[in-house]
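**Student:** Letter by letter, the chains look like this.
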Amino acid sequence: MDINGRQQAALQLMEREGVDVLLVAPNELSRVDTIFHLTGYRPVGESLCVLSRTGAPTLVVTPEWEAERAKARAKGWTVQTAADLPDAISALFPKGLPSGKTGTVNLGKLPMAISKRLTEFAGGDVKKLDQKLEAALMPKTSIEIEHARRATAIGEKAFEQLLKIAHEGMAECDLAVQLKLYMEDLGADDNFFLLTASEHNRAVQPSSGRKLKKGDIILAEMTPTYHGQLSQICRTAVMGPIDPKLEEKYNLVVRAMMAGINTIRPGQRMGDVAKAIDDVLTAEGYGEYCHPPHIRRRGHGLGHGSNAPGDVAPSNDIILQEDMVFVVHPNQYLPETGYLLCGEPVRVTATGFEKLSKRTAWLASVPL
Amino acid sequence: MRVTQPAVLVGPYDWDEAVIPRSEFEGRIKEAWAALKGEKFAGIIVNGNKMDNGALAFLTNFTPKIEAGYALVSPDGAVRLHSAGSPHMMVNAQRLTWVDAVKPIRDIGKHIAEWAETLGEGPLGLWATPTMPGDLLPRIQAALPSRPIKDVSATLDALMRPKSAVAKRVARDAAAILTKGTAALRQSFENNVSARESVVAAEKAAAAAGASDIRMLASISKGGTPTAIDYPEGGKFDPLLVYMAVRYGGYWADGVLTLSSVPGDTVKNTQAALQAMLATARAGVSVSDLKKAAQERLGGLAVHPAAKRAVTGVGLTLEETEAEPTGVSRLEEGRIYSLRAGAQKGEGDAALFSALVEVKAGGVDILWSSLT
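So the protein sequences, as listed, match chains F and A.
For the first sequence, the residue numbers in my numbering are 1 to 368.
For the second sequence, the residue numbers in my numbering are 1001 to 1372.
Watch out, some of these pointers could steer you wrong.
[Claimed, not checked] Derived lysine-lysine pairs resembling DSS-like cross-links, with alpha carbons at most 30 Å apart: (1) Lys211/F with Lys1204/A; (2) Lys1103/A with Lys109/F; (3) Lys1040/A with Lys75/F; (4) Lys245/F with Lys213/F; (5) Lys1103/A with Lys213/F; (6) Lys1180/A with Lys157/F; (7) Lys1308/A with Lys75/F; (8) Lys1204/A with Lys358/F; (9) Lys109/F with Lys1168/A; (10) Lys116/F with Lys1204/A; (11) Lys1345/A with Lys75/F; (12) Lys1236/A with Lys1222/A; (13) Lys75/F with Lys1292/A; (14) Lys157/F with Lys1204/A; (15) Lys116/F with Lys1110/A; (16) Lys214/F with Lys1222/A; (17) Lys75/F with Lys95/F; (18) Lys1291/A with Lys109/F; (19) Lys164/F with Lys1180/A; (20) Lys1204/A with Lys164/F; (21) Lys1222/A with Lys71/F; (22) Lys128/F with Lys1150/A; (23) Lys1345/A with Lys1236/A; (24) Lys132/F with Lys1291/A; (25) Lys116/F with Lys1150/A; (26) Lys109/F with Lys1308/A; (27) Lys157/F with Lys1236/A; (28) Lys1103/A with Lys71/F; (29) Lys71/F with Lys1345/A; (30) Lys1204/A with Lys213/F; (31) Lys127/F with Lys1110/A; (32) Lys71/F with Lys1308/A; (33) Lys1180/A with Lys211/F; (34) Lys116/F with Lys1040/A; (35) Lys1103/A with Lys211/F; (36) Lys1168/A with Lys1110/A; (37) Lys1110/A with Lys128/F.
[Stated by the list, open to error] The following label-pair restraints were derived from C-beta to C-beta distances: (38) Asn4/F with Glu1233/A: 21 to 27 Å; (39) Pro98/F with Gly1038/A: 45 to 51 Å; (40) Arg16/F with Ala1302/A: 31 to 37 Å.
It is worth saying that the hints were derived from the structure and are not from the lab.
C-beta: ideal position from N, C-alpha, C; glycine also.
All chains, please: the whole structure from these sequences, using the hints.
**Tutor:** If you want it as C-alpha cells, here you go:
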C-alpha cells in the first residue's frame, strides 16, 4: 500500500458505510495518526481532512501561516489554511453537510470549544467512524516501512551512545535529553522516549532528576520517529559490572520475547504472540507476573503513535496481515531483579516476520 | 506561536523549592479561592496535559510528561493530584510537584466523584486548558449527575497574567537560556551549516543551559515561514527564519529571528518596526498603537502572516489566554509579552523579529531581543 492506496481505503470505507462526506480530525495534537497517515502532513494546530466521494480531498489547517509545509507534505490534497477551523468547515459546506450521509472521525478529540462547534455543525445523524477508519488504515506503506527501519537504526545507535556517555552522578533526564538530541542529529523528528534507573525498577517512566549510581539498572524505551514513522527498541543496561543472576533472568526475558516473535506470520492472531511469551515465563514459575499490575501488554502497534494493529496482548483478536509493524516487548517485572526491558520492532512479511533491529536486546553494562 | 507537540516531555521538570518555593504555590491557591469567593464553589478541578498545563503548573508545579493530569483543590487548600501512568510510575510523577501522594488516573470521573463526596454543598469549578478534548467534560459530568460543574477558566486564567516577583525571576532565567540558545543558532548559521543542524545546535545549547523544554520552528525554504522540522535532511536557507521557545521552572521564553548573510530592505525595515514597537511600549499602550508604530517603519511592506498577532502574553503557556477573544488589547504593567514584527515582499523575501519584554509604567525591560 502507498499513501494514495490509504486514501482509497478511506473512500472504500465511506462507500461501505453509505457516507458521502467524512470529516477526519487528529487523534490528538501529539498523536496525529489519522491526518498524518492520510496526507503525510503533521499538523501544528487544529486541522481536519475532508474526504468526499465526489470531490477532491481537502486538508484544512491552522494556523494560517502553515500553508507552505502543508502544501509540500500533503501531495494530492487541496490545502486550505484557516484562522478558525469550524468557520472554514462551515464555509466549505454553505448548505450544510449531507444529512445522514456524513461521517466523522475523532471530532471529540479536538479541543473543547472547537469540538463543540464542529459537532453541532455536523448534526446529530452523523456516523462516528473512529475505529473503522483506523482499522482501514492499518497496513504500513512501503515508504513507512523503510522509515521504520531507519528509525530503528537511530534507536540502536542511541543505545550505543548511552553506554558511552552515562556516568555516575548524571541525572536521568540529562542523559535522556542528550540522547534525544543525539537521535535528532541522526534524523529523528520526535521521540516517545522513556528512560529511568533504579537498583530495583518497578516500571519504566518519564525521566526525573534522579542521579545515576553504581549498580543501577537503566531502562530505556527509545522510540524515535523518522519522517513521522515511529519505531521502538527497549533496552536495559547496568551501571557497572553485571551480576550473573541478573543476566540469567534477562536472558530468560529475551527468550520469552523471541518465542513470541517466532510465532509472527500473516493469519496469526495477535493475542497468540502474547501467549507465547507468557508460556515461557509461566513455565519458569513467573505466571503471576504475567498479568496486571505487573504487565498489561507485550508490545503495541507503531504508527505515528501506538495504535494499529493494537496491543500485543492476550485479548487482542486482530489477525496479523503482511506489512503490519509493531514492537514486541515483554518488559517483565521479576521479583528477584525488578522490571527488565527488552523489545524489538517487527514487520509481518508474506511468510513470517522481519525483525527491524540489527542486534537483539542484550544486558549491557555501562563501564564505570 | 503554535508549535509541534512532542510525544513525551523528556527534560528536567522536577519541582525545585529553590526555584519556586512551596509558599508561592500556597499563595496562588489562596488567590484562586479569593477570585471565586462570590460563588460558593465546593472545589476546583484543574485540568492539564503535556501540551498545555499552565493552570496545573501555576498551582502545583506539576507538568504531565505524558498524557494528562488533574489537581483537585479543596476550599481549605488541600490538593489531590492524579497523573497519567501506572501506580508504579508515580515515583517519578511525585518528583514533579510539592503535592504529596500523587495518584494514578484510572477513571477520572470516579476519582472526582469520590473527592466530591468529601466536600460541602455547591458546584465544582473547572479550570481547564483550551486543549482539553471535547469528549472529556461529558464523561466527567456523567460521573457527577447531581453536582454541577461550571467553567471558571476565564476568571482564574487572569491570575496567571500579572507575574509575581518569583515568576519574574524565573521568567528572566528562561530568557537567559533563550539568549544562549539563539547565540548558538546565530553561530551555526554563520558557520554555513544546514537549517536543521543550526536548530539542533541551538537546542543543545539551551539544554546545556538548563532548559526543561525546547520547541523550535524553522524555514523549509529560503525566507520561508518557520514551521515544524519534520524532515531529516539538511537544507541551507538564507534568509533563515527561526522560532525558538524554551521553558524553565515552568515559565516560557520565546522569540523569532531572521538570519541573513546580506540583510535587504525587508530585514532592515522589520528590525526598524520592532525597534519602533519597543520605543512605544509601556503600561497602558494599546496594541493598535504598537501596530501603527511598526507599520510606519515597514515602508509599505505587507505584514507577515505570522506577525498579524503582534503581541502575545507569555508565561506558563506560550500564548496566554486573554480577557478578550481577539487577544491582547493593551499592555499591562507587571506582565511579560512577546512583541513581534514581520514583513514580506515576495517569495523568499520575508523577515520576522521579536522581543520578550516585561512591562513597566514608563517603558519595558527587554528580557530577550532578536535585534541584539
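**Student:** Each of the hints needs a verdict: does it hold here or not?
**Tutor:** Comparing the hints with the structure gives:
| no. | hint | verdict |
| --- | --- | --- |
| 1 | Lys211/F with Lys1204/A | holds (20 Å) |
| 2 | Lys1103/A with Lys109/F | holds (24 Å) |
| 3 | Lys1040/A with Lys75/F | violated (55 Å) |
| 4 | Lys245/F with Lys213/F | holds (20 Å) |
| 5 | Lys1103/A with Lys213/F | holds (27 Å) |
| 6 | Lys1180/A with Lys157/F | holds (28 Å) |
| 7 | Lys1308/A with Lys75/F | holds (28 Å) |
| 8 | Lys1204/A with Lys358/F | holds (29 Å) |
| 9 | Lys109/F with Lys1168/A | violated (35 Å) |
| 10 | Lys116/F with Lys1204/A | violated (40 Å) |
| 11 | Lys1345/A with Lys75/F | holds (26 Å) |
| 12 | Lys1236/A with Lys1222/A | holds (8 Å) |
| 13 | Lys75/F with Lys1292/A | violated (39 Å) |
| 14 | Lys157/F with Lys1204/A | holds (18 Å) |
| 15 | Lys116/F with Lys1110/A | holds (24 Å) |
| 16 | Lys214/F with Lys1222/A | violated (50 Å) |
| 17 | Lys75/F with Lys95/F | holds (28 Å) |
| 18 | Lys1291/A with Lys109/F | violated (36 Å) |
| 19 | Lys164/F with Lys1180/A | holds (26 Å) |
| 20 | Lys1204/A with Lys164/F | holds (18 Å) |
| 21 | Lys1222/A with Lys71/F | holds (16 Å) |
| 22 | Lys128/F with Lys1150/A | holds (28 Å) |
| 23 | Lys1345/A with Lys1236/A | holds (21 Å) |
| 24 | Lys132/F with Lys1291/A | violated (49 Å) |
| 25 | Lys116/F with Lys1150/A | holds (16 Å) |
| 26 | Lys109/F with Lys1308/A | holds (28 Å) |
| 27 | Lys157/F with Lys1236/A | holds (26 Å) |
| 28 | Lys1103/A with Lys71/F | violated (44 Å) |
| 29 | Lys71/F with Lys1345/A | holds (20 Å) |
| 30 | Lys1204/A with Lys213/F | holds (25 Å) |
| 31 | Lys127/F with Lys1110/A | holds (29 Å) |
| 32 | Lys71/F with Lys1308/A | holds (21 Å) |
| 33 | Lys1180/A with Lys211/F | holds (25 Å) |
| 34 | Lys116/F with Lys1040/A | holds (28 Å) |
| 35 | Lys1103/A with Lys211/F | holds (24 Å) |
| 36 | Lys1168/A with Lys1110/A | violated (38 Å) |
| 37 | Lys1110/A with Lys128/F | holds (26 Å) |
| 38 | Asn4/F with Glu1233/A: 21 to 27 Å | holds (23 Å) |
| 39 | Pro98/F with Gly1038/A: 45 to 51 Å | holds (47 Å) |
| 40 | Arg16/F with Ala1302/A: 31 to 37 Å | violated (47 Å) |
Going through the hint list in order, the structure does not satisfy hints 3, 9, 10, 13, 16, 18, 24, 28, 36, 40.
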